[in-house]
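Quick note on this note's numbering: the sequence shown kicks off at 25 and runs consecutively.
These aren't lab readings, by the way, just hints derived from the structure by calculation.
Incorrect hints may have been included.
[Claimed, not checked] With a cut-off of at most 25 Å between alpha-carbon atoms, the simulated BS3-like pairs for lysine-lysine come out as follows:
| no. | residue 1 | residue 2 |
| --- | --- | --- |
| 1 | Lys103 | Lys124 |
| 2 | Lys61 | Lys96 |
| 3 | Lys113 | Lys85 |
| 4 | Lys51 | Lys96 |
| 5 | Lys113 | Lys124 |
| 6 | Lys113 | Lys96 |
| 7 | Lys103 | Lys85 |
| 8 | Lys42 | Lys96 |
| 9 | Lys61 | Lys42 |
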Amino acid sequence: MISLPENEFDENAYNDLKNAVGPALQKITETFLSNSKEDFAALQTHFSNDDLDATSRAAHKLKSSSGYLGLKHVSNLAKEIEFGAREGKPAEDLAALVQKMREALSSAWVFLESGTH
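Use the sequences and the hints to build the structure in full.
Below is the structure:
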């Protein structure tokens with residue numbers, strides 16, 4: 025069984041969503057998997073192009089959607105990137121956060137795709 029550490033996944037939030045939407049959760053999860061991959065690719069592109077406003081907006085989308093599914097580590101990293109980009113945090117600090125987010129999202133994608141949650 026694939027799992028995420030407790031500090032990365034809010035099982036209660038996920039179960040609340042599951043109870044609220046029932047079978048629609050599968051479609052919500054599939055949509056997140058697709059959209060988050062596109063959104064993260066966009067975030068990386070914007071960051072590489074030094075477009076901090078667009079980086080902040082892309083991070084905001086990831087913050088909201090990952091938080092909705094209980095992916096609190098991804099959501100927290102996205103929040104740090106969102107506000108760091110908005111406030112002009114040094115590029116090397118943002119680059120480290122983007123790398124951490126890549127790793128966190130990769131784990132989250134494997135977890136969600138496994139269907140073991």
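Checked hints:
1. A C-alpha spacing of about 13 Å is found between Lys103 and Lys124, which places the hinted pair at or below 25 Å, so the restraint holds.
2. For the hint linking Lys61 to Lys96, the alpha-carbon distance of about 17 Å falls within 25 Å, and the restraint holds.
3. A C-alpha spacing of about 19 Å is found between Lys113 and Lys85, which places the hinted pair at or below 25 Å, so the restraint holds.
4. Annotation: proposed proximity of Lys51 to Lys96 holds, straight-line Cα distance about 20 Å (limit 25 Å).
5. Taking the CA atoms of Lys113 and Lys124, the gap is about 16 Å. The hint holds against a cut of 25 Å.
6. Of the supplied pair hints, the one linking Lys113 and Lys96 holds, its CA atoms being roughly 22 Å apart against a limit of 25 Å.
7. For the hint pairing Lys103 with Lys85, the CA-to-CA distance comes to about 10 Å; that is within 25 Å, so the pair holds.
8. A C-alpha spacing of about 16 Å is found between Lys42 and Lys96, which places the hinted pair at or below 25 Å, so the restraint holds.
9. About 22 Å separates the Cα atoms of Lys61 and Lys42, which keeps this hinted pair within 25 Å; it holds.
When each numbered hint is compared with the structure, no violation occurs for any of them.
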